[in-house]
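Visitor: What follows is each chain in one-letter form.
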Amino acid sequence: MQLTLEFGGGLELLCDSVKIHNVDVDLPAETQKLTMKHLLPWVRSNLIKERPEMFIKGDTVRPGVLVLVNDCDWELSGQLDTTLEDKDVVVFISTLHGG
Amino acid sequence: MEESHGGDKARSRLCCICNQRRPALRRPKTLQQICRECFYVVFEEEIHRVIVDNKLFKSGERIAIGASGGKDSTVLAYVMSELNRRHNYGLDLFLLSVDEGITGYRDDSLETVKRNEVQYGLPLKVVSYKDLYGWTMDEIVKMIGLKNNCTFCGVFRRQALDRGAALLKVDKLATGHNADDIAETVLLNILRGDIARLSRCTSIITGEDGPIPRCKPFKYTYEKEIVMYAYFKKLDYFSTECIYSPNAYRGFAREFIKDLERIRPRAILDIIKSGEDFRIATSTKMPEQGTCQRCGYISSQKWCKACVLLEGLNRGLPKLGIGRTRGINGDRQKDDQQIGVKNLQSKACESLDF
Ligand SMILES: [Zn+2]
Ligand SMILES: [Zn+2]
Ligand SMILES: [Zn+2]
Chain A
1 MQLTLEFGGG
11 LELLCDSVKI
21 HNVDVDLPAE
31 TQKLTMKHLL
41 PWVRSNLIKE
51 RPEMFIKGDT
61 VRPGVLVLVN
71 DCDWELSGQL
81 DTTLEDKDVV
91 VFISTLHGG
Chain B
100 MEESHGGDKA
110 RSRLCCICNQ
120 RRPALRRPKT
130 LQQICRECFY
140 VVFEEEIHRV
150 IVDNKLFKSG
160 ERIAIGASGG
170 KDSTVLAYVM
180 SELNRRHNYG
190 LDLFLLSVDE
200 GITGYRDDSL
210 ETVKRNEVQY
220 GLPLKVVSYK
230 DLYGWTMDEI
240 VKMIGLKNNC
250 TFCGVFRRQA
260 LDRGAALLKV
270 DKLATGHNAD
280 DIAETVLLNI
290 LRGDIARLSR
300 CTSIITGEDG
310 PIPRCKPFKY
320 TYEKEIVMYA
330 YFKKLDYFST
340 ECIYSPNAYR
350 GFAREFIKDL
360 ERIRPRAILD
370 IIKSGEDFRI
380 ATSTKMPEQG
390 TCQRCGYISS
400 QKWCKACVLL
410 EGLNRGLPKL
420 GIGRTRGING
430 DRQKDDQQIG
440 VKNLQSKACE
450 SLDF
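As given, the protein sequences belong to chains A and B, one line each in that order. 1 is the number of the first residue of the first sequence in the working numbering; add one for each residue after it. 100 is the number of the first residue of the second sequence in the working numbering; add one for each residue after it.
If we strip away everything but chain A, and leave its shape as in the complex, we get:
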């Protein structure tokens, strides 16, 4: 599945300072449905190059990291349960860097 992943607010520093990543993510074999719950560990192991604890805490994003799916706050779409579709745009922004 084609997705566009965007990192901002300093999170891009964790992935070689690249802000926008066009990626192809395989659907999980069991469900054939990609959710944010599947995407986060994929991002963690494929895109994050350093200090993963700035991005992930437990099984979700670290508190203070905002997530938008197609420019909509993921708190409105069920956070980890948000289902992703082809061509979706997922944005991660840290609120923790600088003032």
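It is worth saying that the hints were derived from the structure and are not from the lab. Note that the Cβ used here is the ideal one computed from N, Cα and C, for glycine as well. It is possible that part of the hints are untrue.
Unchecked claim - Interface residues of chain B toward chain A, partial, derived using beta-carbon atoms under 7 angstroms:
hint : residue
1    : K108
2    : P122
3    : L124
4    : H186
5    : G189
6    : E322
7    : V326
8    : S338
9    : R361
What the hints assert, rightly or not - Sample of chain A residues at the chain B side, in silico, Cβ under 10 angstroms:
hint : residue
10   : G9
11   : D16
12   : A29
13   : K57
14   : G64
Unchecked claim - Residues of chain B clear of chain A, computed beta-carbon distances all greater than 12 angstroms:
hint : residue
15   : E238
16   : R262
17   : K268
Based on the hints, put chain B with the ligands in the right spot on chain A.
Guide: Frame of chain A, contents of chain B with the ligands only:
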């Protein structure tokens, strides 16, 4: 299965304010689901209400906005110039930046502020540590190492902003401290038993008796909303950490606040409320304010902290004024000395000092 076309994944279909458009975010303060357009309105008008209700500004005043190039001050500069126009505040607004002299950090963020100067049409004044003190942060770190450098950074920055504000002849300085920052500072001051700062840090205006009062129009504004606003409006801000600020204790408090917010977003406002409602026992000794005998800056001791630190740097004794060394102010009463030393030791960079 729930139908989902295009980008619409929100469970509730419509904004709970206008009932017309798709919601774009959940407000942490109210848990309302609102659309982008309604968000802009409530975000800006809430700040307007805070400004009006607390009488932060008077028509005709010159106001400096402390601008670091980061998200808070960038959004503050944008919103303040909008509100000034929309509601005819009659304010002359300026951007005021401090150049600490940190290669690869401040020089980049200053570029952001310079773009903001053009984008928002606000005149910019930059004051540098090098000009004011004869030392850049890079030079100070070379001399003292990474330990304690935030003491210098914090003390010098505070004075630098005051001096810059005096050069601009402004009546007041507005800073971008947000609700999360203030909740964090309340917590830190409790953890340190710093009662003097605890009572001061929740005030929306401070230093009214001094030459340049400071105010915090974002006192009740959540960081999440500031970042969402900057994102939706595509505001240009800089977001790299200060390379010299490995402040673990503050980071801890920050993380704790963010954990609480996730469970119950109102926690941030409640901590601020708790800070406001603290009453100080009359037996707690407050340091009395005077002026520094060397530079005239407000100080509760003979020399202000910047002068003590500077003296140490210039004499090649950079530990002067940090830790337990007896120095310039060492002839003072033991009690006072203890308070001074404790504050200085625990003082960190950025927003701790209000
Ligand atoms: Zn609406
Ligand atoms: Zn610093
Ligand atoms: Zn002084």
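Visitor: Look at each hint and say if it fits the structure.
Guide: Going through the hints against the structure:
With a least beta-carbon distance of about 4 angstroms to chain A, the hint placing K108/B at the interface is held under the 7 angstroms criterion. Against a cut-off of 7 angstroms between C-beta atoms, the interface hint on P122/B holds, since the closest Cβ of chain A lies about 6 angstroms away. Evaluation of the L124/B hint against chain A yields a held restraint, the C-beta minimum of about 4 angstroms falling below 7 angstroms. Given the 7 angstroms rule on beta carbons, the hint for H186/B is violated: about 25 angstroms separates it from the nearest Cβ of chain A.
Of the supplied interface hints, the one on G189/B is violated, with its beta-carbon coming no nearer than about 28 angstroms to a beta-carbon of chain A, more than 7 angstroms. Taking 7 angstroms as the C-beta contact cut-off toward chain A, the hint placing E322/B at the interface holds, the least distance being around 5 angstroms. For V326/B, the suggested interface contact is upheld, since its CB lies about 5 angstroms from the closest CB of chain A, less than 7 angstroms. For S338/B, the interface hint holds, the least distance from its beta-carbon to any beta-carbon of chain A being 4 angstroms, beneath 7 angstroms.
Hint status for R361/B relative to chain A: holds, with the closest Cβ pair at about 5 angstroms, below 7 angstroms. Because the smallest distance between the Cβ of G9/A and any Cβ of chain B comes to about 5 angstroms, under 10 angstroms, the interface hint for this residue holds. Contact between D16/A and chain B, as hinted, is not supported at the beta carbon level, the nearest pair being about 14 angstroms apart and thus beyond 10 angstroms. Given the 10 angstroms rule on beta carbons, the hint for A29/A is violated: about 20 angstroms separates it from the nearest Cβ of chain B.
Below 10 angstroms, beta-carbon pairs count as interface contacts, and K57/A has one with chain B at about 9 angstroms; its hint therefore holds. For G64/A, the interface hint holds, since its Cβ comes within 10 angstroms of a Cβ in chain B; the closest pair sits about 4 angstroms apart. With a cut of 12 angstroms on Cβ distances, E238/B stays outside the contact zone with chain A, its closest approach being about 22 angstroms. For R262/B, the non-interface assignment is confirmed: its Cβ lies about 20 angstroms from the closest Cβ of chain A, beyond the 12 angstroms cut-off.
Its beta-carbon lying about 25 angstroms from the closest one in chain A, K268/B satisfies the requirement of being farther than 12 angstroms from that chain.
Hints 4, 5, 11 and 12 from the earlier list are contradicted by this structure; the remaining hints agree with it.
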